[in-house]
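Residues per chain, in single letters:
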Amino acid sequence: MSDKKTLTFALMDAPYENARSTTALRLIQIASKRGYDINVFAYEGSVFLAFAKQQRHPNAMHGRNAEEENHVLTKELVSSLMQETVRNGGKIDWVNCGMCVDERGAGEAVEGVRRGSPADFWKMAEASDNTLVIGTRG
Amino acid sequence: MKVLNIIETAYRATLEEQDDTGVWLAYTMKGVGADLDVLLRGNAVNYAVKGQDASGLQFGAWRQTQPPRLTEDVSNLISKGVAVFIVSEDLRERGLEGVPLVEGLTSVRRSELARLFGAYNQVWHW
Numbered sequence: 001m002s003d004k005k006t007l008t009f010a011l012m013d014a015p016y017e018n019a020r021s022t023t024a025l026r027l028i029q030i031a032s033k034r035g036y037d038i039n040v041f042a043y044e045g046s047v048f049l050a051f052a053k054q055q056r057h058p059n060a061m062h063g064r065n066a067e068e069e070n071h072v073l074t075k076e077l078v079s080s081l082m083q084e085t086v087r088n089g090g091k092i093d094w095v096n097c098g099m100c101v102d103e104r105g106a107g108e109a110v111e112g113v114r115r116g117s118p119a120d121f122w123k124m125a126e127a128s129d130n131t132l133v134i135g136t137r138g
Numbered sequence: 001m002k003v004l005n006i007i008e009t010a011y012r013a014t015l016e017e018q019d020d021t022g023v024w025l026a027y028t029m030k031g032v033g034a035d036l037d038v039l040l041r042g043n044a045v046n047y048a049v050k051g052q053d054a055s056g057l058q059f060g061a062w063r064q065t066q067p068p069r070l071t072e073d074v075s076n077l078i079s080k081g082v083a084v085f086i087v088s089e090d091l092r093e094r095g096l097e098g099v100p101l102v103e104g105l106t107s108v109r110r111s112e113l114a115r116l117f118g119a120y121n122q123v124w125h126w
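Protein chains in written order, with our numbering: chain A, 1 to 138; chain B, 1 to 126.
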């Protein structure tokens, strides 16, 4: 029996709001390192994780310009995770909820991210060994 | 595959979304053939309470014409064949025991949840 798993993650949180976004990406990274096939359904604010227009900024408190500060851009984390997954022999399908994208004007995503719907999420979950929902908490 | 969606975080941007995004997702996936049910717990049990009125949001000349109607949305789920469970203790702790609720709900006690979860392939907690 193969140890290869397929996991689906449903994310909801927007980046830069709480630690759940980073935790979610770290969990995806663990799956990636194991060579698993990964599906991500980015729902609501999490569509901004892969938003292509994110830009670095300086940080006056640190006395650093934008280049020196090298601020975390979640779009780069997403791209890097996608590349790492493929390098490790896995596949990754990152779907941004289309209606969530539209209401936020978040249509420009990094390469490899596609637009989808709840139907895609259901198909992903059906084809997976398990699904983890990381919902926003009020 | 059969999935139970636990909806617990309540009224999360419902004025902006004009619905609850967990309820909406369940309804939409049911429409594409998903086999799923819903469990309302915590503050989300209030979604089943009749008589809610979220209308009236207004900023200057802008008025919301389609406020969230969460009770109707829960009722629509049930009409679509989704079993909607509600935790009885969560109703009681919020003073909602005996208030008019959406028809067709299935009341469950906390002590019954583990057995309920066992009836599903996956449990998603929203």
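To be clear, the hints were calculated from the coordinates, so they are not data collected in a lab. Don't take each hint at face value.
In silico lysine-lysine, DSBU-like type, Cα no more than 30 Å apart, as pairs [stated by the list, open to error]: (1) A:Lys123 x A:Lys4; (2) B:Lys80 x A:Lys91; (3) B:Lys2 x A:Lys4; (4) B:Lys80 x B:Lys2; (5) A:Lys123 x B:Lys50; (6) A:Lys53 x A:Lys4; (7) A:Lys5 x B:Lys50; (8) A:Lys91 x B:Lys2; (9) A:Lys91 x A:Lys53; (10) A:Lys123 x A:Lys5; (11) A:Lys33 x A:Lys5; (12) B:Lys30 x A:Lys5; (13) B:Lys80 x B:Lys30; (14) A:Lys91 x A:Lys33; (15) B:Lys2 x B:Lys50; (16) A:Lys5 x A:Lys91; (17) B:Lys50 x B:Lys30; (18) A:Lys33 x A:Lys4; (19) A:Lys123 x B:Lys30; (20) B:Lys2 x B:Lys30; (21) B:Lys50 x B:Lys80; (22) A:Lys91 x A:Lys4; (23) B:Lys2 x A:Lys123; (24) A:Lys33 x A:Lys123.
Distance ranges between label pairs, derived from CB positions [as the list claims (entries may be wrong)]: (25) B:Pro100 x A:Glu69: 51 to 59 Å; (26) B:Glu17 x A:Asn18: 18 to 26 Å; (27) B:Asn43 x A:Asn18: 14 to 22 Å; (28) A:Val72 x B:Asn121: 30 to 38 Å; (29) A:Glu76 x B:Val32: 30 to 38 Å; (30) A:Glu69 x B:Arg110: 43 to 51 Å; (31) A:Arg56 x B:Arg115: 29 to 37 Å; (32) B:Phe117 x A:Gly112: 30 to 38 Å; (33) A:Glu76 x B:Thr28: 26 to 34 Å.
Every residue, glycine too, gets a C-beta built ideally from N, C-alpha and C.
Here is how each hint holds up against the structure:
1. A:Lys123 x A:Lys4: Status holds; Cα separation ~19 Å.
2. B:Lys80 x A:Lys91: Violated. B:Lys80 to A:Lys91 sits at ~35 Å, over the 30 Å cutoff.
3. B:Lys2 x A:Lys4: Holds, at roughly 23 Å.
4. B:Lys80 x B:Lys2: holds (16 Å)
5. A:Lys123 x B:Lys50: violated (34 Å)
6. A:Lys53 x A:Lys4: violated (35 Å)
7. A:Lys5 x B:Lys50: violated (44 Å)
8. A:Lys91 x B:Lys2: holds (25 Å)
9. A:Lys91 x A:Lys53: holds (25 Å)
10. A:Lys123 x A:Lys5: The hint holds at about 16 Å.
11. A:Lys33 x A:Lys5: holds (12 Å)
12. B:Lys30 x A:Lys5: holds (26 Å)
13. B:Lys80 x B:Lys30: The given pair, whose Cα atoms are some 8 Å apart, holds under the 30 Å limit.
14. A:Lys91 x A:Lys33: holds (12 Å)
15. B:Lys2 x B:Lys50: holds (29 Å)
16. A:Lys5 x A:Lys91: holds (11 Å)
17. B:Lys50 x B:Lys30: holds (23 Å)
18. A:Lys33 x A:Lys4: The hint holds at about 11 Å.
19. A:Lys123 x B:Lys30: Holds - the C-alpha atoms of B:Lys30 and A:Lys123 are around 12 Å apart, at most 30 Å.
20. B:Lys2 x B:Lys30: holds (11 Å)
21. B:Lys50 x B:Lys80: Distance ~19 Å between B:Lys50 and B:Lys80 Cα, so the pair holds.
22. A:Lys91 x A:Lys4: holds (11 Å)
23. B:Lys2 x A:Lys123: Answer holds: B:Lys2 to A:Lys123 is near 13 Å, not above 30 Å.
24. A:Lys33 x A:Lys123: Answer holds: A:Lys33 to A:Lys123 is near 24 Å, not above 30 Å.
25. B:Pro100 x A:Glu69: 51 to 59 Å: Distance hint for B:Pro100, A:Glu69 holds at roughly 56 Å.
26. B:Glu17 x A:Asn18: 18 to 26 Å: Hint holds: Cβ distance 19 Å, inside 18 to 26 Å.
27. B:Asn43 x A:Asn18: 14 to 22 Å: holds (19 Å)
28. A:Val72 x B:Asn121: 30 to 38 Å: holds (36 Å)
29. A:Glu76 x B:Val32: 30 to 38 Å: holds (33 Å)
30. A:Glu69 x B:Arg110: 43 to 51 Å: Holds - the Cβ-Cβ distance for A:Glu69 and B:Arg110, about 48 Å, lies within 43 to 51 Å.
31. A:Arg56 x B:Arg115: 29 to 37 Å: violated (52 Å)
32. B:Phe117 x A:Gly112: 30 to 38 Å: holds (35 Å)
33. A:Glu76 x B:Thr28: 26 to 34 Å: 31 Å Cβ-Cβ, so the 26 to 34 Å window holds.
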